Amino acid sequence: MSTYVTELPIRSELDTAHQNLATRWATPSNSWSSRQRLSVIAEVRRAMDSNKLAPWEAPSSIKGFIANNHCLPDAAIDVIWRLTNHPGTLTKEWYESIISENIDPVAYVELVGLIAQANCVDRFADGLGVKRVDLPDPVATKTTITSELEVTVTTHWVPTAATKGPNVLKALSAVPFENESREILSSVQYVPTAALIGDLTSGHNSLTRLQIELIAARTSKLNECFY
Amino acid sequence: MSGVSQNVDISFEAISSSTNGNGGVPHGELLSKLSEALWSKNLKELNAVREELINAAGEDVFVDAVGVSAMFHMMTRIADGTGTPLDAGTDEPSADIREAIGVNHLVSRRQSAP
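Sequence order for the protein chains is A and B. Going by our numbering, the final residue of the first sequence carries number 1310, and the count climbs one at a time with no gaps. Going by our numbering, the final residue of the second sequence carries number 122, and the count climbs one at a time with no gaps.
Do not take every clue at face value.
[As the list claims (entries may be wrong)] Taking lysine-lysine pairs in the DSBU-like style, the calculated list, with each CA pair at most 35 angstroms apart, reads: (1) K1214/A x K1146/A; (2) K52/B x K1247/A; (3) K1146/A x K49/B; (4) K1146/A x K1135/A; (5) K1135/A x K49/B; (6) K1146/A x K1175/A; (7) K1135/A x K1175/A; (8) K1214/A x K49/B; (9) K1175/A x K1247/A; (10) K1146/A x K1247/A; (11) K1214/A x K52/B; (12) K52/B x K1135/A.
Simulated from the structure, these hints should not be mistaken for laboratory data. Remember, it's a predicted structure, so these values are computed and weren't measured experimentally.
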């Protein structure tokens, strides 16, 4: 069954990838339960759909903004709103203030991965005017994503693994499961990593590489992203 | 870079605004306008550019273009959420491009480690 119901020609591999992402969102990790991971996606949706808070207005600082029984820590909700609506305003000091609220750096990396994926998948649906991907029920099992990677803080604010490649592809390397999710989306919506630098001429799907890079650069500029 | 590889004459103005022409990229102006409408979530603008782009280039291009733009709403959040610096060795070569597209003043500017 298709993830999206529309007459628009959504490629089957893209449709499948988004369904796959929803399943992955429900997969518990060492840092976050299935229910918490799905709550991250739901909170991203709330942030995207509401009147924006100013960058300096943290949800946790507004009385009654966060439900008493919310399963996510206040600092995680602050990250979700700030990264969803004001990604270009983040500073290292802000990151350190989040970590000081008992958010483990690796758990933070996972949170960033989830927020970023939800922004991608839901903005795709919104852009086409189709219903967003349904979220699955939380997984009850204790099976978790495990990582034995050694990670350290070197080039980024966050800890990363000693992997090769552009810095942005290294950003989520502390949580390989989320890096894999990024790659799943990249391969169906952008350019497979193998062709990223080695092949600057081939088109992908219906777009030429020039068209792809123009959209990428314009969107990055609008988000005030220097990288 | 991909413009150089394909031996075509491109410019960077379309990255700054859809009102600056197509930058030498086929349907560049419309693709830039679509990116703007997706970012601002302006439904009226989105519907208008959707119709224009589909008429000019087809539904496949519209769907794939929305996919690429959505992808970069993800990549920008990964870069800025993790404090990703410019890659070593890219700072100097990209200086002219950064100046042309006007990003040097951004809060998210992080230099590569020396």
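Pair hint K1146/A and K1175/A, alpha-carbon separation not exceeding 35 angstroms: holds (26 angstroms)
Given pair status - K49/B, K1214/A, alpha carbons within 35 angstroms: At roughly 15 angstroms apart (the allowed maximum being 35 angstroms), K49/B and K1214/A satisfy the hint.
Pair hint K1146/A and K1247/A, alpha-carbon separation not exceeding 35 angstroms: violated (45 angstroms)
Restraint status (C-alpha distance of K1135/A to K1175/A at most 35 angstroms): With Cα atoms ~22 angstroms apart, K1135/A and K1175/A stay inside 35 angstroms; holds.
Straight-line alpha-carbon gap K1135/A to K49/B, limit 35 angstroms: Holds - the C-alpha atoms of K49/B and K1135/A are around 12 angstroms apart, at most 35 angstroms.
Satisfaction of hint between K1247/A and K1175/A, Cα-Cα up to 35 angstroms: holds (23 angstroms)
Distance restraint between K52/B and K1135/A, which requires alpha-carbon spacing of 35 angstroms or less: Between K52/B and K1135/A the Cα gap is close to 19 angstroms, so the pair holds against 35 angstroms.
Restraint check for K1214/A with K1146/A, where alpha carbons must lie at most 35 angstroms apart: holds (32 angstroms)
Distance restraint between K1146/A and K1135/A, which requires alpha-carbon spacing of 35 angstroms or less: holds (16 angstroms)
Hinted pair K1214/A and K52/B, Cα distance within 35 angstroms: holds (18 angstroms)
Distance restraint between K52/B and K1247/A, which requires alpha-carbon spacing of 35 angstroms or less: violated (43 angstroms)
Agreement of K1146/A and K49/B with the hint, judged by alpha carbon distance not exceeding 35 angstroms: Since the Cα atoms of K1146/A and K49/B sit roughly 28 angstroms apart, the hinted pair holds (cutoff 35 angstroms).
Taken one by one, the earlier hints fail for this structure at numbers 2 and 10, listed in ascending order.
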